[in-house]
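Trainee: Each chain, written out:
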Amino acid sequence: MNRALDIPMVEISQVSKEYPAANGALRALDNASLAIRDGEFVSIVGPSGCGKSTLMLITAGLVPPSSGTVRVAGVEVRAPHGEVGIVFQDPTLYEWRRVLENVLLPVDIKRLPREQYRSRALELLELVGLKGFERHYPYQLSGGMRQRVALCRALVHDPALLLMDEPFGALDALSRDQMNRELQSIWQQRRKTVLFITHSITEAVFLSDRVAVMSPRPGRVGALIDIELPRPRSFDFAETPEFGRYAKEIRRMFESWGVLHAGGKP
Amino acid sequence: MSSRAGAYLYPLATVAVIAILWELVARAGYVPRYILPSPSGIAARFVQMHAFILRESLFTLQETVLGFGLSVVIGIPLGMLLVSSHTFNRAVYPLLVASQVVPKIAVAPLFLVWFGFGLMSKVLITFLMAFFPIVIAAVVGLQATEVEKLYVARAAGASRLQMFWLVRLPHALPAIFGGMKVAITLAVVGALVGEFVAAENGVGRLLLSASGNMDTELLFAGIVALIVIGVVLFLALEVLEKLALPWHISQRPLKEPT
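Heads up: the protein sequence lines correspond to chains Y and X, in order. Residues in the first sequence are numbered consecutively from 1, following my numbering. Residues in the second sequence are numbered consecutively from 1001, following my numbering.
Don't read these hints as lab results, they were simulated from the structure.
Lysine-lysine pairs mimicking BS3-like chemistry, simulated, CA-CA at most 25 angstroms apart:
(1) Y:192 / X:1149
(2) Y:192 / Y:131
(3) X:1149 / Y:110
(4) Y:192 / Y:110
(5) X:1181 / X:1242
Bear in mind the structure is a predicted one, so any value in this text is a computation, not a measurement.
Given these sequences and hints, build the entire structure.
Mentor: If you want it as structure tokens, here you go:
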């Protein structure tokens, strides 16, 4: 795969998406554009229904755009290309597979040698603190543990790109903080290109190199904000003025679109 | 008493109480023996005729198992086809549902003409009786896969075939087992219907001749044999289900360990 520096890992250009609706078409995305460099962590924040999940599905090749193109590593995406790992809000583990087998799912699909990837899967499970749970079934795990398994599954085949759609949105606040910290450390070790979708401004600022702020439907990338904060970031850090400034900047943007109302008006 | 032992003891106690009451009523002499034989009389007749009953039961069991097997072998792929091809679904599914309105008993004499008086016609009547719940269960189970579970596999580059074997089918198995459990009880009825219409062997044949001879004790003994067949087949399926779906919610202990 071409990883030349001048070619972005992900290049979303002028992507629009319309869904058929009762009265004509529902425009979910409106000329959204975004480029992500190799090894970069980019978050998309946006209000519900702004098409951010659709944009991720289009990037994975799971949903075709109505117009515009997405390129991953310079190649136009027309179908699922297998170069991604995906994590959804729901862990979407397969209940009939044990933890290790769930992690090995992409390996089975790609018909890669299981023996070879087994050690990698075990390594990943250890990295997220699930050593010893390899033979458990998903129902025997907590929500946070299941989401960790889903993360290992997304990483096991060493994809160029990690797509995450509100992966910690269903977790309680404490697990969520914990997972954010773990994700940061995994990312620092593995340097994957990550497209992370969230509606939490704090989460986006905490994790990202850049935050793409999406407007309400039909969604466009309204602004790109570089988060120039040193890593590793700790949670104390979320209370520093620099961190607050970024969060405020994003909040202001939502306010200007009428998504958030200043002063707590309805 | 542990709840496991209780699961067997309570229903057994109920059966015992009913049997004792029945025995008392039968022995009181108000009802003639050929109308209501006593449980002890039925048991004695069962023991006396056990070789004959066993032989006939094996015929019925064979028809049931073959007819049920055919239902599984045809029903599950039919369900797959219905789910995977929209055209096939639209062409066949309404007919399939409509076909269930036809009373199966009415078709049995026709099958005798077509397939003869032997095993074949019984197996096909049994199949006709049992396959529908399996098809429906397969369709429901295969369609119920959450779209994001499918996305995960497709994003990794799964082919249509892989989607089926790795995602849809395992996901549908609990539903399919549910359908098979309904089907197995219907299969026993199907075999019996076939035997009622025309047969030289089987419990159905035994019941008809016992009825003709006013041999009520043997009639009851035959019914007991049918109950045993039904229960044994059902339990066999449950064991199979336990082996196939150790992960499923139906196999977990009721009390969650906390």
